[in-house]
Amino acid sequence: MTLELLHKPGMAQLTSLGIGGNARVLARVRDEAGLDDLSHFVEREGTELLAIGEGSNMLAGDGELNLALVQVACERKAEAVISGTKVLAPADMRLPGLLSVLIKSGLSGMEGLAGIPGSIGGSIAMNAGSYGTDMQASVSRVRIWTPSGGLIWKNADELEWDYRYFSTGTDEFFLVWEVEFELSRSSEEKVRNAIKETFAKKKATQPVTAKTAGCVFKNPEGHSAGKLLDDAGFRGKSIGGIGFSEMHANFLENKGGGTAKQALELMSQASEAVAEKFGVTLKPEVIILS
Numbered sequence: 038m039t040l041e042l043l044h045k046p047g048m049a050q051l052t053s054l055g056i057g058g059n060a061r062v063l064a065r066v067r068d069e070a071g072l073d074d075l076s077h078f079v080e081r082e083g084t085e086l087l088a089i090g091e092g093s094n095m096l097a098g099d100g101e102l103n104l105a106l107v108q109v110a111c112e113r114k115a116e117a118v119i120s121g122t123k124v125l126a127p128a129d130m131r132l133p134g135l136l137s138v139l140i141k142s143g144l145s146g147m148e149g150l151a152g153i154p155g156s157i158g159g160s161i162a163m164n165a166g167s168y169g170t171d172m173q174a175s176v177s178r179v180r181i182w183t184p185s186g187g188l189i190w191k192n193a194d195e196l197e198w199d200y201r202y203f204s205t206g207t208d209e210f211f212l213v214w215e216v217e218f219e220l221s222r223s224s225e226e227k228v229r230n231a232i233k234e235t236f237a238k239k240k241a242t243q244p245v246t247a248k249t250a251g252c253v254f255k256n257p258e259g260h261s262a263g264k265l266l267d268d269a270g271f272r273g274k275s276i277g278g279i280g281f282s283e284m285h286a287n288f289l290e291n292k293g294g295g296t297a298k299q300a301l302e303l304m305s306q307a308s309e310a311v312a313e314k315f316g317v318t319l320k321p322e323v324i325i326l327s
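The sequence shown lines up with residues 38 to 327 when you count with the numbering used here.
By construction, these hints were calculated from the structure, which means they are not laboratory data. You may find that some hints are simply not true.
[To be verified] DSS-like cross-link-like pairs, simulated, lysine-lysine; straight-line CA separation at most 30 Å:
#1 Lys-227 - Lys-238
#2 Lys-320 - Lys-298
#3 Lys-141 - Lys-233
#4 Lys-191 - Lys-240
#5 Lys-123 - Lys-141
#6 Lys-255 - Lys-314
#7 Lys-227 - Lys-274
#8 Lys-274 - Lys-255
#9 Lys-240 - Lys-264
#10 Lys-239 - Lys-255
#11 Lys-45 - Lys-227
[Claimed, not checked] Label-pair ranges, simulated between beta-carbon atoms:
#12 Ser-137 - Ser-261: 40 to 48 Å
#13 Gly-169 - Ile-276: 29 to 37 Å
#14 Ile-325 - Asp-267: 20 to 28 Å
#15 Arg-67 - Gly-277: 31 to 39 Å
#16 Tyr-168 - Asp-68: 18 to 26 Å
#17 Glu-313 - Gly-278: 21 to 29 Å
#18 Thr-242 - Gly-278: 21 to 29 Å
#19 Thr-318 - Thr-170: 22 to 30 Å
#20 Lys-238 - Arg-113: 29 to 37 Å
As the structure is a prediction and not an experimental result, all values here were calculated from the model. Think of the CB as a built atom: it goes at the ideal place given N, C-alpha and C, for glycine as much as any other residue.
Put together the whole structure using the sequences plus the hints.
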């Protein structure tokens, strides 16, 4: 089966926050041949389409969601291919897995991304980043699929990048299929130590083992969203089973039985408090599906 269709998939099982109702349908692309069938699926489903990776930056609404999801989930897992300092990685490979490959190969440039749990494709689609770096910094080109153009390589400078933002420059639905990174030669020991240092720093300040969707709000220019939320009194504040982390105020944790309604209410209270106290508008970094 090259394109697997799942009806009414549970968003709680498809997202790292572990909450949400059911989407209408999920199309899982099992291999490159499945992209031909995906064209028909996209044409049939129309505009309510969303590509998802590991769901690590999504807050899905409760109840029935009128969403058609597309996910790259190849049956035969491809591995990263190393050629000198270039690394070719499939979209459904997880970012932590790629970093493990880079350690063994002694390739440097992505150490600051340690602790980000998503897939390669999803990390590209939101230009994931931390500690002063992001995906864009190491990407040389991206292989993208669209219904009209099929699979095509685009150089990084042909794409649109910004803070937690990525675009192909058109409104057409797209999938990230694979990515080529350009890194620099180092040593296994140096890369391992840098990744361990980054992860240890993250583990000491962020709830990396909890059920979260990553940072809830983007950092406003000149501000830290976490500090604004902390100073507004939202560190550890909860509604029902959802609460801002005690470790870092910009992370929502599902502490058990949380709902989207609770999460959205807490986000609304937090953004209103920050606006009133500091005159700063917080914008969601998490993708809200309703």
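Results for each hint:
Only pairs whose Cα atoms come within 30 Å are accepted, and Lys-227 paired with Lys-238 is accepted, the gap being roughly 17 Å. The straight-line distance between the Cα atoms of Lys-320 and Lys-298 is roughly 18 Å, inside the 30 Å bound, and the hint therefore holds. Among the hinted pairs, Lys-141 with Lys-233 is consistent with the structure: their alpha-carbon atoms are about 14 Å apart, no more than 30 Å. Straight-line distance between C-alpha atoms of Lys-191 and Lys-240 comes to about 35 Å, which puts the hinted pair past the 30 Å bound.
Taken as a hint, the Lys-123 and Lys-141 pair is honoured in the structure, with Cα atoms around 14 Å apart against an allowance of 30 Å. Restraint check for Lys-255 and Lys-314: the C-alpha separation of about 18 Å stays at or below 30 Å, so the hint holds. Among the hinted pairs, Lys-227 with Lys-274 is inconsistent with the structure: their alpha-carbon atoms are about 39 Å apart, more than 30 Å. Between the alpha carbons of Lys-274 and Lys-255 the distance comes to roughly 19 Å, so the proposed pair stays at or under 30 Å and holds.
Of the pairs offered as hints, the one joining Lys-240 and Lys-264 holds, with about 18 Å between alpha carbons and a cut-off of 30 Å not exceeded. For the given pair, Lys-239 sits about 17 Å from Lys-255 by alpha-carbon distance, which is consistent with the 30 Å threshold. For the proposed pair Lys-45 and Lys-227, the alpha carbon gap of about 46 Å is over 30 Å, so the pair is violated. Between Ser-137 and Ser-261 the Cβ separation comes to about 30 Å, which falls outside the hinted range of 40 to 48 Å.
The beta-carbon spacing between Gly-169 and Ile-276, approximately 33 Å, falls within the hinted interval of 29 to 37 Å. The hinted window of 20 to 28 Å between Ile-325 and Asp-267 holds, with their beta carbons roughly 22 Å apart. Under the hint 31 to 39 Å, the C-beta atoms of Arg-67 and Gly-277, about 38 Å apart, fit the expected range. Taking the beta carbon of each, Tyr-168 and Asp-68 are about 36 Å apart, not inside 18 to 26 Å as hinted.
At roughly 26 Å, the beta carbons of Glu-313 and Gly-278 sit within the given window of 21 to 29 Å. Separated by about 23 Å at the C-beta atoms, Thr-242 and Gly-278 satisfy the suggested range of 21 to 29 Å. Between Thr-318 and Thr-170 the Cβ separation comes to about 26 Å, which falls inside the hinted range of 22 to 30 Å. In this structure the supplied range 29 to 37 Å holds for Lys-238 paired with Arg-113, their Cβ-Cβ distance being about 36 Å.
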